[in-house]
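Those protein sequence lines, which keep their order, are chains A and B. When the letters of the first sequence are read in order and numbered with this note's numbering, they come out as residues 1412 to 1808. When the letters of the second sequence are read in order and numbered with this note's numbering, they come out as residues 1412 to 1808.
Some hints here could point you the wrong way.
Intra- or inter-copy, both count: the list cannot distinguish identical chains.
[What the hints assert, rightly or not] Cross-link-like lysine-lysine pairs, in silico, DSBU-like; alpha carbons within 35 Å at most:
hint : residue 1 : residue 2
1    : 1614      : 1418
2    : 1416      : 1643
3    : 1492      : 1445
4    : 1445      : 1614
5    : 1418      : 1580
6    : 1762      : 1492
7    : 1580      : 1416
8    : 1761      : 1445
9    : 1761      : 1492
10   : 1562      : 1762
11   : 1738      : 1748
12   : 1418      : 1643
Read the hints as simulated data drawn from the structure, not as lab findings.
Protein chains: 2
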Amino acid sequence: MISEKIKILTAGNSAIRAMFEEGNRLAALYGRDKVYDFSLGNPNFPAPDSVRQAMMDELSNEDPVLLHGYMPNVGYEDVRKAVADNLNERFGTGFQANNILMTVGAAGALNVILKTLLNPGDEVLTVSPYFLEYGNYVSNYGGRLIPVPAKADTFMLDCEAVRAAITPKTKGIILNNPNNPTGVVYGEAEIRELAAVLEERQKALGMPIYLISDEPYRELCYDGRTAPFLTKYYANTILGYSWSKSLSLPGERIGYVCVPDACEDHDLVFKAAGIANRILGFVNAPSLQQRAVARCLGDCTCNLDKYDANRRLLYGELTAMGYTCVKPQGAFYLWMKTPGEESAFVEAAKKYHILFVGGSNFNCSGYVRIAYCVSPDTIRGSLPGFSALYKEFQIER
Amino acid sequence: MISEKIKILTAGNSAIRAMFEEGNRLAALYGRDKVYDFSLGNPNFPAPDSVRQAMMDELSNEDPVLLHGYMPNVGYEDVRKAVADNLNERFGTGFQANNILMTVGAAGALNVILKTLLNPGDEVLTVSPYFLEYGNYVSNYGGRLIPVPAKADTFMLDCEAVRAAITPKTKGIILNNPNNPTGVVYGEAEIRELAAVLEERQKALGMPIYLISDEPYRELCYDGRTAPFLTKYYANTILGYSWSKSLSLPGERIGYVCVPDACEDHDLVFKAAGIANRILGFVNAPSLQQRAVARCLGDCTCNLDKYDANRRLLYGELTAMGYTCVKPQGAFYLWMKTPGEESAFVEAAKKYHILFVGGSNFNCSGYVRIAYCVSPDTIRGSLPGFSALYKEFQIER
Chain A
1412 MISEKIKILT
1422 AGNSAIRAMF
1432 EEGNRLAALY
1442 GRDKVYDFSL
1452 GNPNFPAPDS
1462 VRQAMMDELS
1472 NEDPVLLHGY
1482 MPNVGYEDVR
1492 KAVADNLNER
1502 FGTGFQANNI
1512 LMTVGAAGAL
1522 NVILKTLLNP
1532 GDEVLTVSPY
1542 FLEYGNYVSN
1552 YGGRLIPVPA
1562 KADTFMLDCE
1572 AVRAAITPKT
1582 KGIILNNPNN
1592 PTGVVYGEAE
1602 IRELAAVLEE
1612 RQKALGMPIY
1622 LISDEPYREL
1632 CYDGRTAPFL
1642 TKYYANTILG
1652 YSWSKSLSLP
1662 GERIGYVCVP
1672 DACEDHDLVF
1682 KAAGIANRIL
1692 GFVNAPSLQQ
1702 RAVARCLGDC
1712 TCNLDKYDAN
1722 RRLLYGELTA
1732 MGYTCVKPQG
1742 AFYLWMKTPG
1752 EESAFVEAAK
1762 KYHILFVGGS
1772 NFNCSGYVRI
1782 AYCVSPDTIR
1792 GSLPGFSALY
1802 KEFQIER
Chain B
1412 MISEKIKILT
1422 AGNSAIRAMF
1432 EEGNRLAALY
1442 GRDKVYDFSL
1452 GNPNFPAPDS
1462 VRQAMMDELS
1472 NEDPVLLHGY
1482 MPNVGYEDVR
1492 KAVADNLNER
1502 FGTGFQANNI
1512 LMTVGAAGAL
1522 NVILKTLLNP
1532 GDEVLTVSPY
1542 FLEYGNYVSN
1552 YGGRLIPVPA
1562 KADTFMLDCE
1572 AVRAAITPKT
1582 KGIILNNPNN
1592 PTGVVYGEAE
1602 IRELAAVLEE
1612 RQKALGMPIY
1622 LISDEPYREL
1632 CYDGRTAPFL
1642 TKYYANTILG
1652 YSWSKSLSLP
1662 GERIGYVCVP
1672 DACEDHDLVF
1682 KAAGIANRIL
1692 GFVNAPSLQQ
1702 RAVARCLGDC
1712 TCNLDKYDAN
1722 RRLLYGELTA
1732 MGYTCVKPQG
1742 AFYLWMKTPG
1752 EESAFVEAAK
1762 KYHILFVGGS
1772 NFNCSGYVRI
1782 AYCVSPDTIR
1792 GSLPGFSALY
1802 KEFQIER
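Generate coordinates for the entire structure from the input sequences, incorporating the hints supplied.
Following this line, the structure appears as structure tokens:
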């Protein structure tokens, strides 16, 4: 007698979350240090101490009625201004407070954006493989997610495939750059090409097509790469950001939506997004977290070197063993071809207490996603297992 | 080109929120102490110092990776256990961790419950006057909110009217006790009568009818009254709670859903609610707030005496002036008959810098809701204005 839609989901549930719980089970049996859990994007490096200091200072010195009280649904004005100023400084944009709406993480941001935009039956594209939760987010508002395959092997944007997938029902495309699960970073050339396709289709179809950017990994780019700041390339861009990864605060649920002035009907979209934030039950982003992140905007790359060291270690070792991997350019995921049938490989890895998530959970079988936001010891400890696993599958073949 | 449903809402927006912003505008013009803002349920009494201490202690002594990291979508196991134990102690229930799901406040809790239960076209009853946001929450999931008028003048439950409103499409009824906006508290007799009606209709129609309890004001009852704990009276009860009012933390967004074992299909409902929490984009309730409230469960009545003093002062003075008011039994709202046309009265009050929300914003015109969760000075300062306002309307009549 519950919702039919959600009842279907109870049968499956999230494989990522199931693996996270399997990790906890194995850790209880064998000890946390004997389990090599690469399943969840839960940063193992702590939040910078500036977050703790900012929170302690707010708690010590701010009037608790103001600190813990309601503020406008879009968030504290001064916090939104600080976020806008920081973006302007880093990306040469011209945002003000009323381009920024504070949210309950990027998941909250995406739900606010989709609630704001979608009518039942609308289609939203995304590049596949992709974070399967997008399907649920779009479905929440009666929309339909249309996966558009990335280019084979490189997993780069296939702009011609995007063009072909656009119909009069297309409301937008969710782009995740740097990418979960593949670790690729789309560069300026790809983004320009995508923007041109969207511009052309907007004009031809006489309707806006929104570029919905999911960018919790924005600051995590390696080898000098950067992820292009999308509002500079395409007017109808709406960004969703989270400090979950950049400040290691995934449990605290803090992020923002950015609606640039150039976005068609900015005032209406921004007002509607504030209402969406309210009526979906978020009401506002948690107040202490808002005040804290506003004071730590300069620390979003503080763990980059550690992730990069992990990336080099893991990619180097796994490719040396014989595995075929996409070399990660951003985020903290390594996307690896399975040397045999995917589910057998994922199962076999558990023998070595190695946990990762099969590619079919990202709509792309024959791969696994290895989240390397872990302690370097976890990587080092897992290597004998990875090696034995590889050999096991060579023999079986 | 945005969502049609939300576009309609942008034309109106929340009168409560608009009044809150009017209050800020007047405060900027005349000084905060010259504005008597009774519009929003934003507690003016600070959170107990135990909240600050708990947060400081967690920040000082807990591993930040655990403190700020992901936990299961339903919340920390030990926090849920602490909440369950506290309820058991206070209400003689037998809850365990897996009856409790931590949420982003009561608004988050209600959205999770409705997402879990509703199929498009389902009807949800509520007692009117009511918090208009319920209509949006129900509509989020394709349902239709059916207001059932309370008894005239007393604003008590009209169980016969509830019975008459139940159809084969009825999925449940949202009950808010103590009540916003009327300040009444339904007692044991009313709840038993309601439970009997629901039991009888469930049986006759061969389907569950859920009692959805919205109880952020649970601890705020006066004159020795208590709000009956609903799971003890009716099996298919699902509770949504928030610490917004009891610990003065509305901006921090922390609450819970309670699904008792006796609820039909408990395991399925609980699992579905966890998925709803995840896919709506909450993911989990903010982690620091979870840990803090678990340590302050004994402090939920710490401001009761102050609200009671406000209630006595305001009710005493307003009735002495000649106003007709429902005597508040709980929550922190005074429900007052307007001595003239409602909107003219609300407008006229602004001349005296007095702000409150018209009853038509709760589906009941001819009344206003006066939120007395303010400083006693605000009440005292407003009294000359209230008096002049009353006289003004006597003359006009």
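Hints, one by one, checked against the model:
In this assembly of identical chains, residue 1614 and residue 1418 lie within 35 Å of each other by CA distance solely across copies; the values are 23 Å between and 41 Å within a copy. In this assembly of identical chains, residue 1416 and residue 1643 lie within 35 Å of each other by CA distance solely across copies; the values are 30 Å between and 38 Å within a copy. With identical chains, the CA atoms of residue 1492 and residue 1445 are at most 35 Å apart between copies only, with a shortest distance of 28 Å across copies and 46 Å within one. Taking the closest pair of Cα atoms, residue 1445 and residue 1614 never come within 35 Å of each other, the shortest separation being 57 Å inside a single copy and 54 Å across copies.
Both within a single protomer and between protomers do residue 1418 and residue 1580 lie at most 35 Å apart by alpha-carbon distance, with minima of 27 Å and 18 Å respectively. Proximity of residue 1762 to residue 1492 under the C-alpha cut-off of 35 Å is restricted to the inter-copy arrangement: shortest distance 32 Å between copies versus 51 Å within a copy. Proximity of residue 1580 to residue 1416 under the C-alpha cut-off of 35 Å is found in both arrangements, the shortest distances being 22 Å within a copy and 17 Å between copies. Taking the closest pair of Cα atoms, residue 1761 and residue 1445 come within 35 Å of each other only inside a single copy of the chain (12 Å); across copies the shortest separation is 67 Å, beyond that limit.
Proximity of residue 1761 and residue 1492 under a CA criterion of 35 Å is satisfied inter-copy only: 30 Å between copies versus 47 Å inside one chain copy. Taking CA atoms no more than 35 Å apart as the test, residue 1562 paired with residue 1762 passes inside one copy only; the shortest distance there is 33 Å, against 65 Å between copies. With identical chains, the CA atoms of residue 1738 and residue 1748 are at most 35 Å apart within one copy only, with a shortest distance of 12 Å there and 70 Å across copies. In the homo-oligomer, the alpha carbons of residue 1418 and residue 1643 lie at most 35 Å apart only across protomers (27 Å), although the nearest pairing inside one protomer, at 42 Å, exceeds that limit.
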